[in-house]
Amino acid sequence: MAAWSCRFLFLLRGTRVIPPRATAERPALLVGCIRTAKTTTWFEENLTEDNQEYMRKSMAEEYRRQTAEKLNPLKDEPWPRHEWTEGSRRVGLVAVKLGMVPVWTKTGERHVVTMLQVQDCHIIKCLSKEEYDGHSAALIVGGKNVSPFHRSEKQMEVFRNAGVPPKQKVTAFKVSDSAIIKPGTPLYAAHFRPGQYVDVTGKSIGKGFQGVMKRWGFKGQPATHGQTKTHRRPGASGPGGDPAKVFKGKKMPGQMGNSYITAYGLKIWRVNTKYNVLYVNGSVPGHKNCLLKVRDTVLPSRRSTLLNPPFPTYFTEEDGDLDEDLYDEDLFVHTEPSLTLT
Amino acid sequence: MAACTKRLDRFIISLRLLRNLQLQNERFLSTSPCLRVAGNDSESPKFVPPSKPVIVDKTQTVASLRKFLSPEFIPPRQRTDPLKFSIERKDMIRRRKVLNIPEFYVGSILAVIMADPNASGKSNRFVGICIQRGGKGLGATFVLRNIINNQGVEICYELYNPRIQKIEVLKLEKRLDDNLMYLRDALPEYSTVDPEMKPVPFSPTGEVPVNKIKVRMRPKPWSKRWERPKFNLQGIRFDLSLTPEQMEHAQKWAQPWLEYDMLKEYDTSKLEEQIIKEVQQEMSK
Chain A
1 MAAWSCRFLF LLRGTRVIPP RATAERPALL VGCIRTAKTT TWFEENLTED
51 NQEYMRKSMA EEYRRQTAEK LNPLKDEPWP RHEWTEGSRR VGLVAVKLGM
101 VPVWTKTGER HVVTMLQVQD CHIIKCLSKE EYDGHSAALI VGGKNVSPFH
151 RSEKQMEVFR NAGVPPKQKV TAFKVSDSAI IKPGTPLYAA HFRPGQYVDV
201 TGKSIGKGFQ GVMKRWGFKG QPATHGQTKT HRRPGASGPG GDPAKVFKGK
251 KMPGQMGNSY ITAYGLKIWR VNTKYNVLYV NGSVPGHKNC LLKVRDTVLP
301 SRRSTLLNPP FPTYFTEEDG DLDEDLYDED LFVHTEPSLT LT
Chain B
343 MAACTKRLDR FIISLRLLRN LQLQNERFLS TSPCLRVAGN DSESPKFVPP
393 SKPVIVDKTQ TVASLRKFLS PEFIPPRQRT DPLKFSIERK DMIRRRKVLN
443 IPEFYVGSIL AVIMADPNAS GKSNRFVGIC IQRGGKGLGA TFVLRNIINN
493 QGVEICYELY NPRIQKIEVL KLEKRLDDNL MYLRDALPEY STVDPEMKPV
543 PFSPTGEVPV NKIKVRMRPK PWSKRWERPK FNLQGIRFDL SLTPEQMEHA
593 QKWAQPWLEY DMLKEYDTSK LEEQIIKEVQ QEMSK
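Read top to bottom, the protein sequences are chains A and B. Just so you know, we're using my numbering here: the first sequence kicks off at 1 and counts up by one. Just so you know, we're using my numbering here: the second sequence kicks off at 343 and counts up by one.
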């Protein structure tokens with residue numbers, strides 16, 4: 001307690017020492033929060049209130065201008081487009097997990113789907129085979145827009161080269177050479193069509209350091225019948241005297257969650273082109289409002305469902321006459337009359 | 343949508359009148375001499391369907407109609423994007439335009455007709471008293487309970503399931519509690535509903551009648567300890583099954599600080615108004 005109050009007092013003393021230049025920022029915001037990184041400044045620290053407002057407005061305007069410029073990628077000296085072939089891989093998207101809803105098929109079966117919204121997805125950079133890993137080209141894609149004030153100069157330079165506002169999640173997708181797209185192109189949810197299968201990668205919810213029963217599903221020991229202090233322990237750790245060691249990869253307690261997990265072979269039931277929402281079967285790793293990577297399946301048994309996808313991606317100008325909602329053929333649409341199962 | 347039933351009746355009656363008039367006119371024309379018929383073919387007026395009668399219900403003003411928002415429209419207090427709820431609401435409204443989901447409360451008696459591939463006639467009808475309404479959004483459910491051949495039966499229906507063909511309210515009423523799960527431990531007479539019951543007419547204006555019945559229970563043990571304050575039940579006659587000492591003992595589990603807990607406060611009044619407006623606008627389109 002003494003140490004805590006010392007730090008608290010130190011803060012107060014520290015703020016009073018700062019010259020009245022920073023009158024805009026009242027120390028009231030600093031009271032109660034312990035700032036450990038004492039060297040970095042945030043963008044508002046040494047600005048007056050008018051300047052802070054101006055910075056925010058100018059940032060918003062610049063975003064709007066940048067997105068408006070990029071709305072017509074095909075008119076804007078696009079790179080040469082190729083046809084889709086059997087073995088070519090196209091880009092994926094970065095989406096936000098909204099939540100889950102039930103859907104019903106035309107035969108009356110109920111399935112649960114996750115809604116993924118594609119918010120401000122842009123291509124940021126293109127890396128050729130040699131630059132990336134020597135085997136395949138890669139396209140760097142960015143997700144949700146965030147403020148530029150908390151991004152470093154190096155990161156901002158990359159976004160400025162693409163002419164795109166800074167993004168929260170920036171990932172690479174391995175693509176075939178015929179599927180490269182010019183940086184700055186926006187990507188929409190109609191890139192995927194209903195009936196297609198996708199893989200979704202995201203960071204699973206972190207559970208911290210967990211014991212062996214929760215992490216690996218061990219059965220533990222009985223609660224009674226003489227067990228001394230042993231109810232959730234792993235028990236034995238290996239064969240015995242012959243190997244005389246514990247094998248590598250032995251399931252033991254440790255960090256659970258907060259790691260990248262991929263869910264494979266998820267069917268797309270519905271695509272909403274107005275709000276850019278994908279309805280993807282089943283559950284997806286991550287919490288609500290987390291950012292995920294969505295791409296075409298690598299599963300060989302589902303490759304046949306991908307016939308004539310929009311290649312290299314969906315452009316609003318040329319195939320722009322899609323309905324607001326695209327449904328899979330088996331899905332029950334709520335505007336139809338009630339089912340009469342025969 | 344209780345107002346709809348009355349309007350529908352009048353609509354049907356006026357349609358019938360019009361149809362009768364039309365038939366009479368046709369008969370009159372067909373008995374006229376053939377000369378007129380021959381000449382009339384080219385000039386016979388094209389069939390113009392009668393204009394739909396505009397029914398203005400002058401007995402009830404809009405203001406006096408009971409404002410009811412189904413509880414599954416109110417989003418729970420979560421960190422989800424409101425866009426998800428608005429997209430879900432659009433789907434719910436689309437379904438409501440096809441299937442009329444009437445206003446009902448826990449304690450009302452409903453009849454549900456659902457499509458069933460194994461039933462004769464491909465659909466089955468179940469009548470019961472609604473004991474619980476749960477879930478939010480498209481996954482909203484309600485549980486109907488009835489006793490059939492001395493066997494208690496509870497069926498949990500999803501409101502937006504496409505297999506449901508009709509939901510009708512046979513008797514609209516409220517009870518003293520939100521959750522009538524205690525009927526499982528009550529005497530069977532309180533859960534029996536006649537399957538051939540005739541619908542009891544109710545008005546779309548005014549207050550919903552509250553049935554202040556206090557139910558008699560079977561001897562203990564019950565499936566849950568209904569006397570405990572966390573259930574907060576008003577609709578049970580505890581004096582017949584429990585002694586005052588037992589009632590006092592149950593109060594040991596009381597948590598009187600819960601009603602003052604500010605973190606659990608969730609004021610939905612503004613949200614409700616906004617959603618009611620949105621739903622009424624969309625339904626009238």
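Hints listed in this document are in silico derivations from the structure and should not be mistaken for laboratory results. Just to be clear, a hint being listed does not mean it is correct.
With a straight-line cut-off of 27 angstroms between C-alpha atoms, the simulated BS3-like cross-links for lysine-lysine are [to be verified]:
no., chain 1, residue 1, chain 2, residue 2
1, A, Lys274, B, Lys464
2, A, Lys57, A, Lys106
3, A, Lys288, A, Lys203
4, A, Lys144, B, Lys566
5, A, Lys125, A, Lys207
6, B, Lys540, A, Lys106
7, B, Lys572, A, Lys267
8, B, Lys572, B, Lys540
9, B, Lys540, A, Lys288
10, A, Lys288, B, Lys439
11, B, Lys612, B, Lys516
12, A, Lys106, B, Lys508
13, A, Lys106, B, Lys439
14, A, Lys245, A, Lys229
15, B, Lys619, A, Lys274
16, A, Lys274, B, Lys478
The hints, checked one at a time:
Between Lys274 (chain A) and Lys464 (chain B) the CA atoms are separated by roughly 38 angstroms; this puts the pair beyond 27 angstroms, and the hint is violated. Distance check on the hinted pair: Lys57 (chain A) and Lys106 (chain A) sit about 49 angstroms apart at the alpha-carbon level, beyond 27 angstroms; violated. Distance check on the hinted pair: Lys288 (chain A) and Lys203 (chain A) sit about 11 angstroms apart at the alpha-carbon level, within 27 angstroms; holds. Restraint check: the Cα-Cα separation between Lys144 (chain A) and Lys566 (chain B) comes to about 48 angstroms, which exceeds 27 angstroms; the hinted pair is violated.
At roughly 34 angstroms between alpha-carbon atoms, Lys125 (chain A) and Lys207 (chain A) are farther apart than 27 angstroms, so this suggested pair is violated. As the CA atoms of Lys540 (chain B) and Lys106 (chain A) are separated by approximately 33 angstroms, the hinted pair breaks the 27 angstroms bound. Restraint check for Lys572 (chain B) and Lys267 (chain A): not satisfied, since their Cα atoms lie roughly 43 angstroms apart, outside the 27 angstroms limit. For the hint pairing Lys572 (chain B) with Lys540 (chain B), the CA-to-CA distance comes to about 37 angstroms; that exceeds 27 angstroms, so the pair is violated.
Proposed proximity of Lys540 (chain B) and Lys288 (chain A) is contradicted: the alpha carbons are some 47 angstroms apart, above 27 angstroms. Annotation: proposed proximity of Lys288 (chain A) to Lys439 (chain B) is violated, straight-line Cα distance about 30 angstroms (limit 27 angstroms). Taking the CA atoms of Lys612 (chain B) and Lys516 (chain B), the gap is about 24 angstroms. The hint holds against a cut of 27 angstroms. Note on Lys106 (chain A) and Lys508 (chain B): the hinted pairing holds, with a Cα-Cα distance of about 18 angstroms set against a maximum of 27 angstroms.
With a C-alpha separation of about 18 angstroms, the suggested pairing of Lys106 (chain A) with Lys439 (chain B) holds against the 27 angstroms cut-off. Our distance criterion of 27 angstroms between C-alpha atoms is met by Lys245 (chain A) and Lys229 (chain A), whose separation comes to about 25 angstroms. Simply put, Lys619 (chain B) and Lys274 (chain A) have alpha-carbon atoms about 23 angstroms apart, close enough for the 27 angstroms limit, and the pair holds. For a cut-off of 27 angstroms, the pair hint linking Lys274 (chain A) to Lys478 (chain B) stands: about 24 angstroms separates their Cα positions.
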